[in-house]
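Asker: If you read the protein sequences in the order shown, they are chains F and C. The opening residue of the first sequence carries number 1 in the UniProt record's numbering; numbering runs sequentially from there. The opening residue of the second sequence carries number 1 in the UniProt record's numbering; numbering runs sequentially from there.
Treat each hint with caution, since some may be false.
Since the list gives no way to pick one copy over another, a pair counts as held whenever it fits inside one copy or between any two copies.
[Unchecked claim] Cross-link-like lysine-lysine pairs, in silico, DSS-like; alpha carbons within 25 Å at most:
#1 K127 to K16
#2 K93 to K16
#3 K202 to K27
#4 K95 to K15
#5 K8 to K175
#6 K93 to K175
#7 K15 to K142
#8 K142 to K93
#9 K142 to K99
#10 K31 to K202
#11 K177 to K31
#12 K8 to K93
Think of the hints as simulated: they come from the structure by calculation, not from any bench. These figures come from a predicted structure and were not determined experimentally.
Here is what each chain is made of, one letter per residue.
Protein chains: 2
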Amino acid sequence: MNKEASNKVYIEIVKKIRTMIVEDGLKIGDKIPSERELSERLQVGRSSVREALRALELLGLIETRRGEGTFLRDARGNQLVQLVSTFILQDEKAKEDVKDTLQLIEMDCLRLVLQRNNVEQIVSFRKLLESVNVSDEEFFLKMIELGDNHLMYRIWIILSNFYRSLNFPEEPYSKAKYLTLLDALLQGDENLVLEKYLLLRKLST
Amino acid sequence: MNKEASNKVYIEIVKKIRTMIVEDGLKIGDKIPSERELSERLQVGRSSVREALRALELLGLIETRRGEGTFLRDARGNQLVQLVSTFILQDEKAKEDVKDTLQLIEMDCLRLVLQRNNVEQIVSFRKLLESVNVSDEEFFLKMIELGDNHLMYRIWIILSNFYRSLNFPEEPYSKAKYLTLLDALLQGDENLVLEKYLLLRKLST
DNA sequence: TTCCGACGGTGGTCTGACCACGCTGTATAT
DNA sequence: ATATACAGCGTGGTCAGACCACCGTCGGAA
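Turn these sequences into a full structure, and let the hints steer you where they fit.
Answerer: Next up, the structure:
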């Protein structure tokens, strides 16, 4: 009859740990209390604490180091990717799905960049690209930053990790194609941008 | 020096359980062995088995019912959504990101439908839509099915769950708009499709 | 001064115990 | 004979304690 609080101690623990992190003002890289201390402070068994920490670990929010402790972590490429992949990516069709989806997402990011239309930053990034080599990952990270959508960022991170783990053949690096893509962005022409993107990914007709 | 097998018993257990599921040909809804039996069969402690099951539960791949057992489950709307949301969606900007991203994903799905160009199924779905009411969720589930990309399906499920949990105001139901969207799909005109979609989502200029 | 080993703290794992809950079969009451 | 209530069993949920492997450190020995 009561509202909730019924299910799953470990879920409650996750929330408490989250609160604790916020209240104590812990930052990425900081150490959180040990399992035994959490167990005592929260008045629950250590195994329940561990289940909560496992969940946080799966989400990529913490990192455990045996003999040292548990640390807050930047929520990038996490265990989730590996685990999900063993379940999801069981056939070749799924591999193609990853490729297709990643490309759709990347095109979405480019559309976001067009929407924001932050000419200054694009220009300065173009200058940077002229002087030094920028990896494909760095390039799209910049695009996503310009798109200013954190959720898209997370999705892209997961998908690109997936993608890399699949060992598709790599395209040769071509700085010129990146530059023309940036130029297209500066022109603000969506169709042109997508055309250049497909060229980059060797998908032009 | 050795390749791996070093880290995390519970990760190994997850993989073994997965193998077990495949070998035994278990389907969604089936019961998997009890924690104690898994513990014995895999020669590991029950607490390690539980950590593995927690991971699977977070991924939405199993469902545990106290007093009954653990069951395979359709990997839809899972705990992950709730947990991630408490961490990720802390500000209003994030909410807007969810909305934007969901719409981009839905448009991608429509593009996939265009690529597959499965006229027959679109036509038959259109007939169905004429005779009965179809919820927004059901409509897009059908679109994703027609798009034939399981990964997109999973992303959409997660995002749309996010979205619903945010309590944005709901649009009034308008069967006519869905029908015109389907018509646009049948015409194979991408720009027209997107236009109708934006109309559906009240985003037309 | 340098080096090395003991020590304490930490996560990783296992075991055994108890509880709460759902199912089922049996014994009882009708 | 049928219907009902209850006890037993198997299940997941949780806890406590133990031991291991590993890491950093600190103090003593060379």
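Asker: Now tell me, hint by hint, if it's right for this structure.
Answerer: Structure-based check of each hint:
1. K127 to K16: Neither. Shortest intra-copy (46 Å) and inter-copy (51 Å) distances fail the 25 Å Cα cut-off.
2. K93 to K16: between (41 Å within a copy, 23 Å between copies)
3. K202 to K27: The answer is neither: 41 Å in one copy and 39 Å across copies each exceed 25 Å.
4. K95 to K15: between (35 Å within a copy, 19 Å between copies)
5. K8 to K175: Classified as neither; 52 Å inside a copy, 41 Å across copies.
6. K93 to K175: Neither way: K93 and K175 sit 31 Å apart in one copy and 34 Å across, limit 25 Å.
7. K15 to K142: neither (32 Å within a copy, 35 Å between copies)
8. K142 to K93: between (30 Å within a copy, 19 Å between copies)
9. K142 to K99: Both ways: K142 and K99 sit 20 Å apart in one copy and 22 Å across, limit 25 Å.
10. K31 to K202: neither (45 Å within a copy, 46 Å between copies)
11. K177 to K31: Result: close neither inside a copy nor across copies, 43 Å intra and 53 Å inter.
12. K8 to K93: neither (36 Å within a copy, 30 Å between copies)
Of the hints listed earlier, those the structure fails to meet are numbers 1, 3, 5, 6, 7, 10, 11, 12, in rising order.
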